[in-house]
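J.: One line per chain: the protein sequences are A and B, in this order.
Numbering follows my numbering, in which position 26 of the first sequence is assigned residue number 652; successive positions increment by one, without gaps.
Numbering follows my numbering, in which position 31 of the second sequence is assigned residue number 1317; successive positions increment by one, without gaps.
By construction, these hints were calculated from the structure, which means they are not laboratory data.
One or more of the hints may lead you astray.
The list that follows gives simulated cross-link-like pairs (lysine to aspartate or glutamate, EDC-like), each with its CA atoms no further than 20 Å apart [stated by the list, open to error]:
hint : chain 1 : residue 1 : chain 2 : residue 2
1    : B       : K1299     : A       : E771
2    : B       : K1299     : B       : E1353
3    : B       : K1299     : A       : D777
4    : B       : K1299     : B       : E1311
5    : B       : K1299     : B       : E1348
6    : B       : K1299     : B       : E1366
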Amino acid sequence: MTARIGVVVFPGSNCDADTLAAFRLAGAEAIPLWHEQATLEGASGVVLPGGFAYGDYLRAGVIARFSPVMRAVVGFAAEGGLILGICNGFQVLAEAGLVPGALLRNVTLRFAGRWVAIAPERLDTPFTRALDGRRPLLMPVAHGEGRYHADPATLAALAARDQVLFRYVHADGTTAEPDDPANPNGSIGGIAGVMNERGNVAGLMPHPERAAEAILGSADGMGIVRSFVDAVGASVAATGPLIVAGAR
Amino acid sequence: MTSFRFVVSVMPKEAILDPQGRAVEQSLPHLGVTTASGVRVGRRVELTLEAAGETEARETVERLAHELFSNPLIETASVELVDATSSIATDGRP
């Protein structure tokens, strides 16, 4: 079944076109969702793309959190709908409390625009199920506020429930700790992506859509895109499109 | 109605590494200051609220301070009332 996936466009989103293209390449029916609309237009999966929503004013992601479309996204998350946040989209999810933790200014105080390697911690999630093993994945980061932070109790809970999805790693797969140059922002535990406790909402700082074809320098991101498309397709096949009055 | 002017101060929590504050601190010797320490950089938001009373105004600002101006996971926010002007006393001007 074709997965209908909505890509939210905030004022200042700048990866929405790339994200739509990557998800179409993976076989999805990808549609843009404007930030002022209150419905998800029947989408069975939602992606919050990268960029600088609302100019990153105040804190990255916080103003976007209060936009009309996010009310629908929060409702969709509560229903168990599948949601992926990439870079700025991850920041929006964190500000909205849909994934645990917060993203702070890079420890270097520099914008990190470069290639990194990340490795999945799990292969049994809607975001990683199509990956071919736990090998490091090469993809770009492009952010100024990507330093993952959570308090010790939250980190312990993340570990206990296997909610860490990706970590920054070296070529041999070992974790790049905060003071390691292979960790682009100083993220605690090398955390590059996490998911919520229910396992239906995830965010990551690196850009899978910018590593979706070999001509872009890496096709490693396509495994994440394809995982999400597969999972959305499977959820629709299993339960039919989720219909909630007023939610879309 | 009364116009209440508030200042909201947002600071990174003590336990949070503040690389901005650290960078500022490291620049101080260039200005000849070698005796400063503990520099932390935060944010200040000022706003005026029309309300019937101070309690109501403060409740609204406290909510904004903790839902929007700060992220309680990483920051603290304090609310200070700096001015209150009755709109009757100002001839209804805002």
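J.: Next step is simple, just say for each hint if it's right about the structure.
T.: Comparing the hints with the structure gives:
1. K1299/B <-> E771/A: Measuring from Cα to Cα gives roughly 17 Å; hence the hint holds.
2. K1299/B <-> E1353/B: Status holds; Cα separation ~16 Å.
3. K1299/B <-> D777/A: Since the Cα atoms of K1299/B and D777/A sit roughly 11 Å apart, the hinted pair holds (cutoff 20 Å).
4. K1299/B <-> E1311/B: Between K1299/B and E1311/B the Cα gap is close to 17 Å, so the pair holds against 20 Å.
5. K1299/B <-> E1348/B: 17 Å, holds
6. K1299/B <-> E1366/B: Distance ~18 Å between K1299/B and E1366/B Cα, so the pair holds.
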